[in-house]
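Trainee: Could you put the whole structure together from the sequences, leaning on the hints where they help?
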Amino acid sequence: MVGIVGYGAYIPRQRIKLEEIAAVWGADAAAFKRGLMLYEKSVPSPDQDTITMSVEAARWALARAGVDPKSIGAVYIGSESHPYAVKPSGTVVAEAIGATPDCHCADFEFACKAGSEAMFVGLSLVKAGEMDYVLAVGGDTSQGAPGDALEYSASAGSAAFIMGREKLLAECLHTYSFMTDTPDFWRREYEFYPRHGGRFTGEPAYFKHVQSASREIMSRAGLTPKDINYAVFHQPNGKFPRNVGRMLGFKDEQMETGWLSPWLGNTYSGASPMGLTAILDVAKPGELILMCSYGSGAGSDAFIWKATERLVEVREKAPFTRPQLDENKVYLTYGQYAKCRGKIVKAD
Amino acid sequence: MASVPGYWRERAQRLRYEGNKCESCDEVYFPPRRSCGIKCDEELKPHTLSTTGKVLTYTVIRVAPTQFVDEAPYAVAICEMDGGGRITAQLVDCPFENIKIGMPVRIEFRLIQKDGHHGILMYGYKVVPV
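Chains as they are written, first to last, in the working numbering: chain Y, 1 to 348; chain F, 1 to 130.
Quick caveat, the hints were computed from the structure, so don't treat them as lab data. Here the structure is a predicted model, which is why all the values come from computation and not from measurement. Check the hints yourself; a few may be wrong.
[Claimed, not checked] BS3-like cross-link-like pairs, simulated, lysine-lysine; straight-line CA separation at most 30 angstroms:
hint	chain 1	residue 1	chain 2	residue 2
1	F	100	F	54
2	Y	17	Y	346
3	F	100	Y	339
4	Y	87	Y	339
5	Y	226	Y	239
6	Y	17	Y	251
7	Y	329	F	54
8	Y	127	Y	70
9	F	114	F	54
10	Y	346	F	114
11	Y	343	Y	87
12	Y	17	Y	329
13	Y	127	Y	306
14	F	114	Y	329
15	Y	317	F	54
16	F	45	Y	317
17	Y	87	F	114
18	Y	251	Y	306
19	Y	70	Y	87
20	F	100	Y	329
21	F	114	Y	339
22	Y	343	Y	329
23	Y	339	Y	329
24	Y	70	F	45
25	Y	239	Y	306
26	F	100	Y	317
27	Y	343	F	114
28	Y	17	F	114
[As the list claims (entries may be wrong)] Take a look, some chain F residues computed to stay more than 12 angstroms from chain Y by CB distance:
hint	residue
29	25
30	42
31	100
We put the CB at the ideal spot given by N, CA and C, even for glycine.
Mentor: Shown next, in the form of structure tokens:
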């Protein structure tokens, strides 16, 4: 059996409220709140990026795993906001946690499912016996163009998982990936902000892939929504994951724990992985968790996890996800937010 | 322009907070030293700093060096880490009026500076309130 040996999440402390963004662009904040179910989002400081958040999340994952960093055979970072265009994020993360030099390293990209890709590949390598442990991270400092609908959701956060065969805190019972070529969201080379297909990102993209992946993995596992304790889906806003869960037959109570986006925003590659960390913070041994990511372009990775007795023993060794979301928040004005996100261009 | 080899040589202390410790008197040095010249001549062993500690003293920088101008004003603190060793680091995510001598802090991994628009990104440690 393979699964998760350690996990950790990191959320920056800065927030901006949806009203603050809407006021700048003359938008109807109440309509956005109703339509997207978004209230506020996290904002990275100028000194935070995918690498720094990944290091923090990875250190918490190591604290729970209790394994020697030198025994980690691969470090995979999934993100669409790697700080360098050419130079890996993973080398910095691996060096910072002490996993170098006997280590394979790669950066993954697949819009918002780069993190679950890293998890999928990490699990597979461990299952194949190629290495004892793999660190898989999903995180982003998401970009949304000023005034675009994405600006209300694009946020920052990271989740890290150490995959292994022993000392599991959650067993991976099944994996399944569903993928087609569906161009609903993209960023061309040298472009600063991504572009999207508006409503095209909904039915033929997000809903088709998340439903297909979730239905198929449950079918292969011989499970129905009633058999599963918690479900977490990719969270581009508050509304989509809730709606797709209801379409699949889940009740809101099954989705509540991992549903972070109304107050966190869309952390892109970190979205469903961070939801999983919030579930692992409370899940009881034996409980089942369905996680399904979504990456534009487009595809979904689905996982069914089963919590073990060890989860209860180790989860207190690092900060929980929900308190990071709810406590010690610093609210920004739009001007401060614009400076933090590099939206103000200074003269050289 | 920043020194890429210089940043690379210091990666153990910048990225993993590795200093050293005198085997004889238990004094912790950060950044690492070649010898425990102050108290004894014993060999120093590698020692990784604890990530938690407390503020010994601090100041607020309002007129910053060129590479940190966009961050000013910012606080810089000298912190005594649990288990020994002191670091000098920016104290971030904390309004200045909340900073107190003796307050508990934790090291967080942050981007320290960028070498302009084209150069390398230099990472390292800052401290945040616990």
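Trainee: All hints are to be evaluated individually against the structure, with a verdict given for each.
Mentor: Status of the hints after comparison with the structure:
1. F:100 - F:54: holds (10 angstroms)
2. Y:17 - Y:346: Satisfied, since the Cα-Cα distance of roughly 25 angstroms is no more than 30 angstroms.
3. F:100 - Y:339: Holds, at roughly 28 angstroms.
4. Y:87 - Y:339: holds (25 angstroms)
5. Y:226 - Y:239: holds (22 angstroms)
6. Y:17 - Y:251: holds (28 angstroms)
7. Y:329 - F:54: Holds - the C-alpha atoms of residue 54 of chain F and residue 329 of chain Y are around 22 angstroms apart, at most 30 angstroms.
8. Y:127 - Y:70: Between residue 127 of chain Y and residue 70 of chain Y the Cα gap is close to 19 angstroms, so the pair holds against 30 angstroms.
9. F:114 - F:54: holds (28 angstroms)
10. Y:346 - F:114: holds (15 angstroms)
11. Y:343 - Y:87: At roughly 24 angstroms apart (the allowed maximum being 30 angstroms), residue 87 of chain Y and residue 343 of chain Y satisfy the hint.
12. Y:17 - Y:329: holds (11 angstroms)
13. Y:127 - Y:306: Distance of about 16 angstroms is within 30 angstroms: holds.
14. F:114 - Y:329: This hinted pair holds, its Cα atoms lying about 26 angstroms apart.
15. Y:317 - F:54: The given pair, whose Cα atoms are some 21 angstroms apart, holds under the 30 angstroms limit.
16. F:45 - Y:317: holds (28 angstroms)
17. Y:87 - F:114: Holds - the C-alpha atoms of residue 114 of chain F and residue 87 of chain Y are around 15 angstroms apart, at most 30 angstroms.
18. Y:251 - Y:306: Holds. Residue 251 of chain Y to residue 306 of chain Y sits at ~19 angstroms (cutoff 30 angstroms).
19. Y:70 - Y:87: holds (22 angstroms)
20. F:100 - Y:329: Holds, because 19 angstroms separates the two Cα atoms, which is no more than 30 angstroms.
21. F:114 - Y:339: Given that 30 angstroms is the threshold and the Cα spacing comes to 16 angstroms, the pair holds.
22. Y:343 - Y:329: holds (22 angstroms)
23. Y:339 - Y:329: holds (18 angstroms)
24. Y:70 - F:45: Roughly 19 angstroms between the alpha carbons, so the hint for residue 70 of chain Y and residue 45 of chain F holds.
25. Y:239 - Y:306: Given pair residue 239 of chain Y, residue 306 of chain Y holds - Cα atoms ~27 angstroms apart, limit 30 angstroms.
26. F:100 - Y:317: holds (27 angstroms)
27. Y:343 - F:114: Distance ~17 angstroms between residue 343 of chain Y and residue 114 of chain F Cα, so the pair holds.
28. Y:17 - F:114: holds (29 angstroms)
29. 25: About 26 angstroms separates residue 25 of chain F from the closest Cβ of chain Y, which puts it past 12 angstroms; holds.
30. 42: At about 25 angstroms from chain Y, residue 42 of chain F clears the 12 angstroms cut-off, so the statement holds.
31. 100: holds (16 angstroms)
Of the hints listed earlier, there is not a single one the structure fails to meet.
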